[in-house]
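**Q** Order-wise, the sequence lines are chains A and B.
Count along the first sequence starting at 1, add 64, and that's the number in this note's numbering.
Count along the second sequence starting at 1, add 1, and that's the number in this note's numbering.
It is worth saying that the hints were derived from the structure and are not from the lab.
Virtual Cβ for every residue (Gly too), placed ideally from N, Cα, C.
Hints may be right or wrong, so weigh each one.
[Claimed, not checked] Output of the computed footprint for chain B on chain A, the stretches with three or more beta carbons under 8 Å from beta carbons of chain B:
{"hint": "1", "stretch": "176-190"}
{"hint": "2", "stretch": "201-208"}
{"hint": "3", "stretch": "212-226"}
[What the hints assert, rightly or not] Taking beta-carbon pairs under 7 Å as the criterion, some of the chain B residues facing chain A (in silico):
{"hint": "4", "residue": "M53"}
{"hint": "5", "residue": "L55"}
{"hint": "6", "residue": "F196"}
{"hint": "7", "residue": "L198"}
{"hint": "8", "residue": "P200"}
{"hint": "9", "residue": "W268"}
{"hint": "10", "residue": "A366"}
{"hint": "11", "residue": "R370"}
{"hint": "12", "residue": "S373"}
{"hint": "13", "residue": "R405"}
{"hint": "14", "residue": "L408"}
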Amino acid sequence: MSELLNTLMQDARVWQGHRHVQTTQTAEPTGYQVLDNQLGGLGWPRGALSECLLDAPGIGELHLLLPLMQRVCAEGRTVFWLNPPHTPYAPALARAGVNLDQVVLIQTEDEGDFLWTLENCLRSPVTGLVVAWPGKLASREVRRLQLAAEAGSNVCVLFRERRYAEQNSPAALRLELEPDEQQALKVNVLKRRGSWPGQRCSLAMAQRADLSFRETTRIVRGPWSGSTG
Amino acid sequence: MLWLYLHFPHLLLDHIRRSREDQGALVIVEGSGQRVIQACPEARTQGIRTGMRLKTAISLAPDLGMVRADASREAGILEDQARWLYRYAAHIVLVPPDGMLAEVGSLQKLYGGLPAVWQTVEQGLNERQLNAWIGIGYTPLAARLIARAGKGECTSDKGHIQRALSQMPLLAAEFDEKACTRLQRLGLNTLGEVFDLPPGELARRLSPELLAYIQKIQGTRPDPRTPWQPPHSFRQQADFVQEIEHTQGLLFPLQRMLTELEEDLCWRQQDTDSLRLVLKHRHSEPTRLHIRTSGPEHRADNFLNLIRLRLEQHSLQAPVISLTLSVKRFLSREAPSGQDLLGETQDLNEAWHTLISRLQARLGAKALRQLSPQADHRPERAWSASEVLRKNGTALKPGTELPRRPLWLLKGPQPLTEAPVAWFAGPERISGGWWDGQRVHRDYYIAQLNSGQLAWVFRDAREGWFVHGWFG
Chain A
65 MSELLNTLMQ DARVWQGHRH VQTTQTAEPT GYQVLDNQLG GLGWPRGALS ECLLDAPGIG
125 ELHLLLPLMQ RVCAEGRTVF WLNPPHTPYA PALARAGVNL DQVVLIQTED EGDFLWTLEN
185 CLRSPVTGLV VAWPGKLASR EVRRLQLAAE AGSNVCVLFR ERRYAEQNSP AALRLELEPD
245 EQQALKVNVL KRRGSWPGQR CSLAMAQRAD LSFRETTRIV RGPWSGSTG
Chain B
2 MLWLYLHFPH LLLDHIRRSR EDQGALVIVE GSGQRVIQAC PEARTQGIRT GMRLKTAISL
62 APDLGMVRAD ASREAGILED QARWLYRYAA HIVLVPPDGM LAEVGSLQKL YGGLPAVWQT
122 VEQGLNERQL NAWIGIGYTP LAARLIARAG KGECTSDKGH IQRALSQMPL LAAEFDEKAC
182 TRLQRLGLNT LGEVFDLPPG ELARRLSPEL LAYIQKIQGT RPDPRTPWQP PHSFRQQADF
242 VQEIEHTQGL LFPLQRMLTE LEEDLCWRQQ DTDSLRLVLK HRHSEPTRLH IRTSGPEHRA
302 DNFLNLIRLR LEQHSLQAPV ISLTLSVKRF LSREAPSGQD LLGETQDLNE AWHTLISRLQ
362 ARLGAKALRQ LSPQADHRPE RAWSASEVLR KNGTALKPGT ELPRRPLWLL KGPQPLTEAP
422 VAWFAGPERI SGGWWDGQRV HRDYYIAQLN SGQLAWVFRD AREGWFVHGW FG
């Protein structure tokens, strides 16, 4: 019994407010030093779910995952995109150095298929990363996915709407994403295993459209003449 | 040449019994449906005999399973048997409706004697739950007569075989009725007595055909037979006495068929990636299922899992009366690569194929897509989705020569409803498609919307503004 308790403590499954425990869980660096520091030097947890909560696409949410995606593809493991809201644009991914042979796009029709597919991808040794847009998920289903994620040792990132931030979730890492000044991405850590949440940081994401600060100041007026024409 | 004859006294009965989970009494009735012509042991213990009227049989066993004899079906089943026998013997001759010949004289050295050959064949029969009577003779007809009389012995002694033939009564020797009566009137009762007659007299008094038949038994007249050639496809059928209503009931016969497929593929040293299942119904059109694996496969378990997944998705429209499994596409087998001597590294290639096959079986092949860039200036044509294929090695070099593009492309351009708060880059003019009628003439800009989203917007020739992508 005490062994079981020890495991719980060491894996930071039981949250202890009075002291910070260095967890032994494995993780993949995010590729952003600032964010890694906020996450206790770890990054995306492996064998657990991560959630990214955001309102609308186009704020740099994919760029947050690009370094990991590049690394996974280079290792020869597969990246699954499950029910993305738009088409991942192949020329842009190729330009970013993602090996498209390792990218598999899956569209499922109903929720049952979605969960089944995600579970199967998570359990397979060929998977490196699963990126999924689940839509509505019951807490019980997130739990089921969390168990599937633990069975494999892959990174799984779910993109959900920001209103789910209030709802609790068994995911090991929860990040709230918001746009920030100068096309940066504001990351708010809602939950992470083994430590206090509430860290905030801002990641520069202007490079996603090849914008540098110099350029942003230069172009002030677009072709738009005053009001919508 | 030494011939081995296999006589299947009730092939159709055996064939149907082995696809059944419950072992109830079962009989085969003749085409007109009047008489029992084959009865299984369970039926026989209940008092049913062959030749009995069907009405009598039903009154003896009310829950009797009945199957009508069908010559074409039996021929198909017989051919299935030739298929496995072909692994042991090269020269096989089919003798419809219920017999098969194999030349075994040349196999003795390979197997280490005739008893070993005999044993191999018997083992093959047992594995397939078939009953057959075996006979050995120096001519095809001699082997057939001995087998059908049930007097087969594992010996290649000429004298012994000759004695067995000589003692055979005329009726067992398969003479036609007229010849039989005439021989009996001459006071001849066994085949040996007929052999002793001078051939010239026999031909003159009876008929030249009868002489030819007798000489073929004895081996003094050639009796050439065309050898059977195995077809280049795999086909197996299971027929059910009771209609099967649940998919679960199909898995039992499928398991046996898939095991035979695995064995067949093993002997061919080939793999396959597509199976065809045809489920026949009594009153409606047959259901055809096409099961595909993403890579070469030969293991029965994997096939069964895929079929199970597929059947879970598609419930049966109507009860099934027969099931056919066929494979037409064969791929040569490759040696597993990328595995070290101790097998410590997991074979990822195989795991990849297993996963993709599973997903495709449940979601349909169209649900899985792979992306690739295409050489076209128009954004909606600069990419394509194709079926998932495993490609090895060839890591893509980062295409820095490609222009800057957003990571998200909308399924179609969406009208821009608000004025962007900031403009960054542009215009980039994309004009093309005059060659195929899909004309595109647009000026693209990068702009930030009020919500903080970075959008790829364009103005078309008619001054309309649209969002075409997000810089995710």
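**Q** It remains to establish, for every hint, whether it holds in the given structure.
**A** Each hint, compared with the structure:
| no. | hint | in the structure |
| --- | --- | --- |
| 1 | 176-190 | holds (count 8) |
| 2 | 201-208 | violated (count 0) |
| 3 | 212-226 | violated (count 0) |
| 4 | M53 | violated (54 Å) |
| 5 | L55 | violated (49 Å) |
| 6 | F196 | violated (71 Å) |
| 7 | L198 | violated (77 Å) |
| 8 | P200 | violated (75 Å) |
| 9 | W268 | violated (30 Å) |
| 10 | A366 | violated (12 Å) |
| 11 | R370 | holds (4 Å) |
| 12 | S373 | holds (6 Å) |
| 13 | R405 | holds (5 Å) |
| 14 | L408 | holds (5 Å) |
Taken one by one, the earlier hints fail for this structure at numbers 2, 3, 4, 5, 6, 7, 8, 9 and 10, listed in ascending order.
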